[in-house]
Structure formats: structure tokens, C-alpha cells
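Line by line, the protein sequences give chains G and P. Heads up: the first sequence runs through residues 1 to 112, numbered per my numbering. Heads up: the second sequence runs through residues 1 to 114, numbered per my numbering.
FYI, nobody ran anything at the bench for these hints, they're computed from the structure. Watch out, some of these pointers could steer you wrong.
Using 20 Å as the maximum straight-line C-alpha spacing, the simulated EDC-like pairs for lysine to aspartate or glutamate come out as follows [claimed, not checked]:
#, chain 1, residue 1, chain 2, residue 2
1, P, LYS78, P, ASP100
2, G, LYS71, G, ASP49
3, P, LYS24, P, GLU14
4, P, LYS78, P, ASP56
5, P, LYS68, G, ASP98
6, G, LYS68, P, ASP56
7, G, LYS42, P, GLU11
8, G, LYS42, P, GLU14
9, G, LYS71, G, GLU39
10, P, LYS68, P, ASP56
11, P, LYS78, P, ASP63
12, P, LYS68, P, ASP100
13, G, LYS56, P, ASP100
14, P, LYS78, P, GLU14
15, P, LYS68, P, ASP30
Covered by chain P, per the in silico footprint, the following chain G stretches (three or more residues, Cβ under 8 Å) [said to hold, decoys possible]:
#, segment
16, 42-54
17, 57-65
18, 82-93
The structure presented is a predicted model; accordingly, all values stated were derived computationally and were not measured. A virtual CB, placed ideally from N, CA and C, is assigned to each residue, including glycine.
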Amino acid sequence: GESVGLHLPTLSVQEGDNSIINCAYSNSASDYFIWYKQESGKGPQFIIDIRSNMDKRQGQRVTVLLNKTVKHLSLQIAATQPGDSAVYFCAETGTSYDKVIFGPGTSLSVIP
Amino acid sequence: DAGVIQSPRHEVTEMGQEVTLRCKPISGHDYLFWYRQTMMRGLELLIYFNNNVPIDDSGMPEDRFSAKMPNASFSTLKIQPSEPRDSAVYFCASSFMPGDYGYTFGSGTRLTVV
């Protein structure tokens, strides 16, 4: 079935360093991908998205890269800050445009 | 807009009791989703609605779970009778068009069944 999986369940980085969170997706028909950030005690929050006709998209301190050849998605966070500590989920539309499918999440811990 | 509003934020109940979780989606959003989050299973889609109509309830664990959306501004998720294994954080999310904009999540309801 459709699934979105993460390579690294936990990631620790030094404050100020760059973070890279990876995600593998299984459905080559997925057209739209999203990264969410979930802080403790809160709901997931939209960070950045990318469509399948792009391979890179940049936001404020975040960049999402899409490699359709190997079905891989990554989120890069520049100059990681303590406030970036959270669980990060990648999500894809799969074969349905009505909903998105979430991966298991990666926990990012920033060391001051 | 105040975002997606869920109530209560926390609920502690005894096994066997009925539990009702509530959600107010963002005005204008045609889609509403109910998710359950646990450490073991992550985020699970329980059911979603489009224009108040249930579209896919295949994620609803069993007959003890039911969800309704009587109008565009309100939805409920009911568990009757509740069991300890239902303990989780339940999120409601809404969207104008999921395939184009993703979801906006509420803050969740943390349910503990003792």
C-alpha cells in the first residue's frame, strides 16, 4: 500500500548547524508533498510544500528538495535554533487529492 | 480567523464512559479530518468529510467510534464505550483543498481513559 517513511527517527544537531531531515515515499504518482512541524503539546503546523514539477523550493531558513528518481524528499533547516526542536513529518497526496498521507516523523533535538 | 478549534483540550474518563470530542473548522474550509496520534502508531486518519458528508471512514477503529458533521462549522467524534487503549491525542484538521494547500490542524484533545 501507500506509505511514507523516514530514514532517521531521531536527529540531534548543534545550535547554529544545518539540519537535514530525510523522507522516502513509495507512491510515484504523488503530486504534492508537505513538511509539517509538531512542537510538544501542539498540532502539526505547515512549514513548506513542493509540487512534483519542482525539485527545490526555499522558504525562510528552510529548503525542501525533491528527487523523484529515487522517491526521496528532504527538509533542510539552516542555522538550526532551539525553537526548531520538534517532530517533523513529511506527507504526500498519494493517489488521492482529497487527503495527505503522513510519515512516522523525525524528532529533531537542538543542542544549545 | 481563530484557526481550527478543538474542545476539550484534555479529557480524563473512566473505561466504559461515553466521550465526545468537538471541532470547529476554519470558515470556508470544505474538508474536515479526524486524526489520532499515539507513540506506537503515529498519526492515523480516522475519518474525513467533504462538504459535511463522510467520504472515508475506513480508519475508524471499530463500531465504538462514530463521527458526525451536522453543519459546516461543527463536527464531533464520539467514543462509546471508551476503553484504555483509546487513550491518545485526537486532532481535527480542516482544508480548503488538501491536494493544493495541505491541512490546518487544531491543538488536539488529549484523551486518557482509566
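A quick look at each hint next to the structure:
| no. | hint | verdict |
| --- | --- | --- |
| 1 | P:LYS78 with P:ASP100 | violated, 30 Å |
| 2 | G:LYS71 with G:ASP49 | holds, 15 Å |
| 3 | P:LYS24 with P:GLU14 | violated, 26 Å |
| 4 | P:LYS78 with P:ASP56 | holds, 16 Å |
| 5 | P:LYS68 with G:ASP98 | holds, 18 Å |
| 6 | G:LYS68 with P:ASP56 | violated, 28 Å |
| 7 | G:LYS42 with P:GLU11 | holds, 16 Å |
| 8 | G:LYS42 with P:GLU14 | violated, 25 Å |
| 9 | G:LYS71 with G:GLU39 | violated, 27 Å |
| 10 | P:LYS68 with P:ASP56 | holds, 12 Å |
| 11 | P:LYS78 with P:ASP63 | holds, 10 Å |
| 12 | P:LYS68 with P:ASP100 | violated, 25 Å |
| 13 | G:LYS56 with P:ASP100 | holds, 17 Å |
| 14 | P:LYS78 with P:GLU14 | holds, 15 Å |
| 15 | P:LYS68 with P:ASP30 | holds, 14 Å |
| 16 | 42-54 | holds (count 6) |
| 17 | 57-65 | violated (count 0) |
| 18 | 82-93 | holds (count 3) |
Comparing the model with each earlier hint shows violations of hints 1, 3, 6, 8, 9, 12 and 17; every other hint is respected.
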